[in-house]
Each structure stands twice: as C-alpha cells, then as structure tokens.
Amino acid sequence: MRAWPIRRKPRKRDDAGPQSFVLSSDWRRPSVRWGLGTTHVVLLILLIIIGLGPILWLAKSALTPTLDTITSPMAWFPHGLTWSNLSSAWTNVDVGLYMRNTVVIALGSWAFQIVVATTGAYALSVLRPKYGKVIMALLLTTLFVPAVVLLVPLYVEVVHPPLIHTSFVNNYLAVWLPESASAFNVVLMKRFFDNLPREILEAARIDGCGPFRLFVSIVLPMSRPILGVVSIFAVIASWKDYLWPLLVLGNPNLQPLSVRLPNIEQFTPLGVFLAALALTCVVPIVGFLIFRRLIVRGSGLSGALKG
Amino acid sequence: MAIDRMIPELQGQESGRATQEATRTPRVSGARRRPATWVKRGGLSKLLFLLPLLIVFGAFSWYPIVRLVMMAVQHTNLVQRATWVGLSNFSLVIHDPLFPIAVKNTAIFAGLALVFGYPVPLIVAVLMSEVRRLRGLYAVLAYLPVVIPPVVAVLLWKTFYDAAPNGVFNTILGWVGIGPQQWIQSQAQAMPSLVLESTWANAGSTIIIYLAALVGVNQELYEAAAVDGAGLWKKVWHITMPQLRAVLLVTLILQIIGTAQVFIEPYLFTQGGPANATLTVMLLIYNYAFGNSLGASYGKAAALSVMLVGFLAVFSLIYLRATRTWSRQ
Numbered sequence: 001m002r003a004w005p006i007r008r009k010p011r012k013r014d015d016a017g018p019q020s021f022v023l024s025s026d027w028r029r030p031s032v033r034w035g036l037g038t039t040h041v042v043l044l045i046l047l048i049i050i051g052l053g054p055i056l057w058l059a060k061s062a063l064t065p066t067l068d069t070i071t072s073p074m075a076w077f078p079h080g081l082t083w084s085n086l087s088s089a090w091t092n093v094d095v096g097l098y099m100r101n102t103v104v105i106a107l108g109s110w111a112f113q114i115v116v117a118t119t120g121a122y123a124l125s126v127l128r129p130k131y132g133k134v135i136m137a138l139l140l141t142t143l144f145v146p147a148v149v150l151l152v153p154l155y156v157e158v159v160h161p162p163l164i165h166t167s168f169v170n171n172y173l174a175v176w177l178p179e180s181a182s183a184f185n186v187v188l189m190k191r192f193f194d195n196l197p198r199e200i201l202e203a204a205r206i207d208g209c210g211p212f213r214l215f216v217s218i219v220l221p222m223s224r225p226i227l228g229v230v231s232i233f234a235v236i237a238s239w240k241d242y243l244w245p246l247l248v249l250g251n252p253n254l255q256p257l258s259v260r261l262p263n264i265e266q267f268t269p270l271g272v273f274l275a276a277l278a279l280t281c282v283v284p285i286v287g288f289l290i291f292r293r294l295i296v297r298g299s300g301l302s303g304a305l306k307g
Numbered sequence: 308m309a310i311d312r313m314i315p316e317l318q319g320q321e322s323g324r325a326t327q328e329a330t331r332t333p334r335v336s337g338a339r340r341r342p343a344t345w346v347k348r349g350g351l352s353k354l355l356f357l358l359p360l361l362i363v364f365g366a367f368s369w370y371p372i373v374r375l376v377m378m379a380v381q382h383t384n385l386v387q388r389a390t391w392v393g394l395s396n397f398s399l400v401i402h403d404p405l406f407p408i409a410v411k412n413t414a415i416f417a418g419l420a421l422v423f424g425y426p427v428p429l430i431v432a433v434l435m436s437e438v439r440r441l442r443g444l445y446a447v448l449a450y451l452p453v454v455i456p457p458v459v460a461v462l463l464w465k466t467f468y469d470a471a472p473n474g475v476f477n478t479i480l481g482w483v484g485i486g487p488q489q490w491i492q493s494q495a496q497a498m499p500s501l502v503l504e505s506t507w508a509n510a511g512s513t514i515i516i517y518l519a520a521l522v523g524v525n526q527e528l529y530e531a532a533a534v535d536g537a538g539l540w541k542k543v544w545h546i547t548m549p550q551l552r553a554v555l556l557v558t559l560i561l562q563i564i565g566t567a568q569v570f571i572e573p574y575l576f577t578q579g580g581p582a583n584a585t586l587t588v589m590l591l592i593y594n595y596a597f598g599n600s601l602g603a604s605y606g607k608a609a610a611l612s613v614m615l616v617g618f619l620a621v622f623s624l625i626y627l628r629a630t631r632t633w634s635r636q
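From first to last, the protein sequence lines stand for chains A and Z.
All residue numbers for the first sequence refer to the working numbering, where the first residue is 1 and numbers rise by one.
All residue numbers for the second sequence refer to the working numbering, where the first residue is 308 and numbers rise by one.
Bear in mind the hints are in silico, worked out from the structure with no lab data behind them.
Glycine included, each C-beta is placed from N, C-alpha and C at the ideal position.
Keep in mind that the hints are not guaranteed to be accurate.
[Claimed, not checked] If you only want the chain Z side, here are some residues facing chain A, beta carbon under 8 Å, derived:
hint : residue
1    : 451
2    : 463
3    : 472
4    : 473
5    : 570
6    : 625
7    : 626
[To be verified] Once the Cα atoms are required to be at most 25 Å apart in a straight line, the calculated DSS-like pairs of lysine-lysine come out as:
hint : chain 1 : residue 1 : chain 2 : residue 2
8    : A       : 240       : Z       : 465
9    : A       : 60        : Z       : 347
10   : Z       : 411       : Z       : 465
11   : A       : 133       : Z       : 347
12   : A       : 60        : A       : 240
13   : A       : 130       : Z       : 465
[Claimed, not checked] Just a sample of chain Z residues kept apart from chain A, beta carbon distances all over 12 Å, derived:
hint : residue
14   : 342
15   : 399
16   : 408
17   : 466
18   : 486
19   : 488
20   : 532
21   : 534
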C-alpha cells in the first residue's frame, strides 16, 4: 500500500509519463501513432457524449419550454429559450429553501465529521492510550458492516432513543451525528497522523507543549492536505445522501433537495422539474471543477486504502 | 518504519519520566494505579480526545450493530416492550414468497453490473493512461457523473427512459431505425435499464482507482518487455494486467458488495415493479420496516439485514481465501 503523501514523480517531457506502456520507440512507429491517436479521439468523443451529454441535456432542458422537451426532447431549442423554468423552480418549488437545508445539513455533518475524525485519530495515533488497539479493532469492524443495514436499528434509536426519551425525528442532529460515525475518516486521518515526523511532535512535547496545544498548534496545521480531502468527501457524501434524511426528516420544510426532488416530481411541470434537477447539480459540479485535483487524488487514495 | 520502531522507546522514556516524578512526590509514590497518577500521565487528556469518537461510534455504530442482532430475534413495535421470538423472524422472511424474488433480482443486478460495469472502467483507464495531452480533461469527463447526486441521476435517467415514442432514448433509437422500447416499464428491460444508469453513475470512481494503480506499474517492466520484442497488446496483457491484479480483485469484491445493497435505483425508478421485477433485498428490507401501512415489521427487516450482512461477510471471506495466493503472485 502506498504511503500518503503521494510523491509526484517528475514528468519527463519526451515520454508520456512514468507509467506508460507505449514507449517513445513505439510512438515512432506510424501504425501505433495513428492507431492510438484515433483511439484517443474516439475515447474523448465517447466520454463527452456519455459523461457530459446527459448533463448538457439537463442544462438545455432547464432552459427549454416544457412542451418542447416533451414533444421533441433532442431538438435544440425549437421555440427559443425560456428562463421561467429556473425562476419558478427557485420560487414556486422552493428549490432555494431546500438548497439552504442541504447546505445546513452538509456543513453540520462536515463539522461533526472533522471533529470526531481529528480528535479520535490524534488520540489513537499520537497520544496512544493502552486501550487504543481495542478501539481501533472495533472501528475496523464497523468498516465491514454496510451502513444501509443499520438503517432499521438506527431509525428505532432515533425515534425512541434510550436514556434520553425525546425523539430526534425532524432534528438535524439525527442526520449530523450518525454521519460523523465514519470509520473510514478516522482510519484515513490516523494513517496521515502516523506519518507525521515524530521528531517535531517530540520536540514540541519537550518544550512543554501539552496534548491540547500539540493538537491545535502543531498537528492540525500540518494536516491541511488530509483535512481538505476528508472535508470534501464529507460534504459530497452529505450532498448525495438520500435514504437516511428521508427517514428522519419528515417535515418538508427541513428536507434537503435530494429528499424533496422525488416528491415534487408528480406535481411539477417537466421543464420546471428538470430546472430543479439542474440547480441541484450546480453546486456539486462547480465544487468538483474547483477541487478537481483533491477529489481525484482522494478517490485514488480511497481505492488504495480499501486495497 | 523507523518511526514506528521509535514509538515504544519514546513511550518508554515518557513513562520513565512519569515514574521518576511519581517517586519524587510522596503523595502518589508506589500507587501506580491511582487516579491522580493516571491524570498526571495524560490519561485524562487521552480519554478526552477520544470522547467524541467513543460517543458517536458507540451511539451510532456499535450500539446499532448490537441492536440489529437483538431486533432480529425480537418482536419490536416501538409501543410495547420488545419480546423474544427466537428465530421466527428469520423463518417468516425465508417463507415470504417475495424473498426468493428479491434475492434473485439482487443477484441479477449484481451480475449484470459486473458484465456492464466491470470491464468498461478498466479499458477506459488503460487507454486514458496513454493519453499525452489533455489527460485532465479525460479524467474530468469520466468522473463527472460521479459528482451528480444519485437522486438527480436517477430522476434524470427516468426522464430518458420515457417509454413514449418521443422519449429521449427512444428518439435516439429512432435515428438508427429501432422502434420505441418500454425501458423501465417492461418486466424484461427494467433491470438492465437500472444497471445501465448505475454503471453510468459509478464507473468514474473505478476509472480513477485504476488510473492511480496504473501509475504504480514499474516502467522498467515495459522497457524490458520491449527489448524482448513484445508488442503493445502483449505488454498490456502480460505486464499491465498482472500488475493491476490486486486492485482488480479488490474492486471486484467491492462492486459485488456495493451492488448487493442496491436500493436507490429500484426505489426511485420503479418502486420494485413492474410485477416485482426490480424488487431487491434492500428494497424488501425497506418495505418490511417502513413501507407497510399495516404496521412496521422491524423484526423481519432486522432479520433480513442480518442475513444480508452475514452473506456478504461469508462471501468476502471465501473470496479473500480463494484469491489470496492468486493476488500475491
């Protein structure tokens, strides 16, 4: 398994990269150059059609009158553009409200996930209590239990919590807290902390730095890359989450977009509905384009971790 | 590695220092286990830092796991006290006529997802790793469907699957002279349609994992093979594939585990229909617990959940055993 941080290998200009099975000697052969060149162009076209196509269609349909989308979905603006779909999705369908709910849910679960993952990983990796091994084993066990099968006991627990006796239904804590129990985050974070140079931590300790100062002033500032990765994945996962918020947030005024969209499908004209879908995608797509490197590196990393 | 070996020494020094201190102050001398010593050695701060993790995992991960197993052998209805019913929940589930249908459909979904979705990311990733210009653009395009929220993806594809002759996919089929299809409204086509959408939505992340793994292949192997006269095909087949074997085995099991829990596609596309053609195990669990207007049967839902986890655990263990030697070659 590769150790984090991934060191970039220096890129050689004359070769395609360190991992290339097509060597420069191969590229000099015309059959290879033409064959591969064509394959790559075809691949690019297919990726554009398959990866981008549905999203472009969605964007187009958000700006097309409903009737046009129903009668000729693949036509390119037969009767011109319309902005009314977007505005009526925002106001009549209350996409604005639901998007605010989605943001609140995402920020809350981000905050809880970061607090749990950093403090827990710091204790397990740097402070190392004797019982740390037991906790680590228990954490790793939860990785093998898929979250969805815990839906039923979690739901019963949220509706009738033991000890507290107040239902947490329609309370954002019911979404934030279970999402923060992510062993994946803790393991990722702990692995990063394990690789921090011990000399620096020890030097700080000798200089009289207590565990709390060590955490806030040394470990956290040194962990910006992994904090970024965990933050982005926390927000994305929360933005995507559907089933759990559906179960615990019954009040439509509290529900996030993902939960509302299937419900408004029946009562909304197709054009407005597609505009609502498009608006839901804007934040994830823009976020992805901004944090592209972090996300792509993080997914490669999560693959390596699972391996 | 050196760091790891240093840790016990450092800890040893630390505790050594602490015992020295302990002997200096007469109040705590000789009392290694007393709370004051424990606090002085940092036991309290260790526990404080672990507290959020312990609370959250205790309440929302470890406790629900125990509770799940308990609920599977109890009758729970949230009003009265839960009563012990032994294995009757399991036998109710097994004798439910929907149970074999759900298992079969889940197996079909997982199987079709393997046929559609397993080779494609690999081929795309191997081709992409050779792209010299604009590789970032390729990666963005491939990953874009993954960032679309699953609910949006399903609802969008539901529009595409409109069975009317002027639905999106039927229009496209019309261009090449194929008549309109029923898509998710037909018993035969519903499941492949769901798998198609799910493959579109998930292939990107697998492509990225393969791309990361391809970076790790030793370039010298390719050069050595080229010296021995191997062509492109031979290099891909005899070097790239064996080097990716470990990752391929992991993505295979992860995909099977993931597709065994498929829920959002059948729930939002078809509600398990038409005629239960897309009823999956997770959907059946959901229906037992939340979908029944006559009263929730949490016990049956928990029993089926336990069976699902148990199956996946046993399957993964057998898989890991069977492929252990193979992946190390």
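Quick one: work out the minimum CB distance from residue 534 (chain Z) to chain A and report holds if it exceeds 12 Å, violated otherwise. violated, 10 Å
Can we keep the residue 473 (chain Z) interface hint, with Cβ of chain A closer than 8 Å? holds, 6 Å
Check the hint pairing residue 130 (chain A) with residue 465 (chain Z) against an upper bound of 25 Å on the C-alpha distance. violated, 54 Å
Least C-beta distance between residue 532 (chain Z) and chain A, which was stated to exceed 12 Å: Answer for residue 532 (chain Z): violated, closest chain A Cβ roughly 8 Å.
Is residue 60 (chain A) within 25 Å of residue 240 (chain A), Cα to Cα? holds, 23 Å
How about residue 625 (chain Z): closest beta carbon in chain A under 8 Å, or not? With a minimum Cβ separation of about 14 Å from chain A (threshold 8 Å), the hint on residue 625 (chain Z) is violated.
Satisfaction of the residue 570 (chain Z) interface hint, Cβ to chain A closer than 8 Å: holds, 6 Å
A closest beta-carbon separation below 8 Å is what the hint needs, so does residue 451 (chain Z) meet it against chain A? Hint on residue 451 (chain Z): holds, closest Cβ of chain A at ~5 Å, below 8 Å.
Assertion that residue 488 (chain Z) lies outside the chain A interface [Cβ separation over 12 Å]: The assertion about residue 488 (chain Z) holds, with a minimum of 15 Å to chain A.
Once the closest CB in chain A is found, is it more than 12 Å from residue 408 (chain Z)? holds, 20 Å
Does the nearest C-beta of chain A fall within a distance shorter than 8 Å of the C-beta of residue 626 (chain Z)? violated, 13 Å
Classify the label on residue 399 (chain Z) as holds or violated, using whether its beta-carbon is more than 12 Å from each beta-carbon of chain A. holds, 15 Å
The structure is inconsistent with the numbered hints 3, 6, 7, 9, 13, 17, 20, 21, although it conforms to all the rest.
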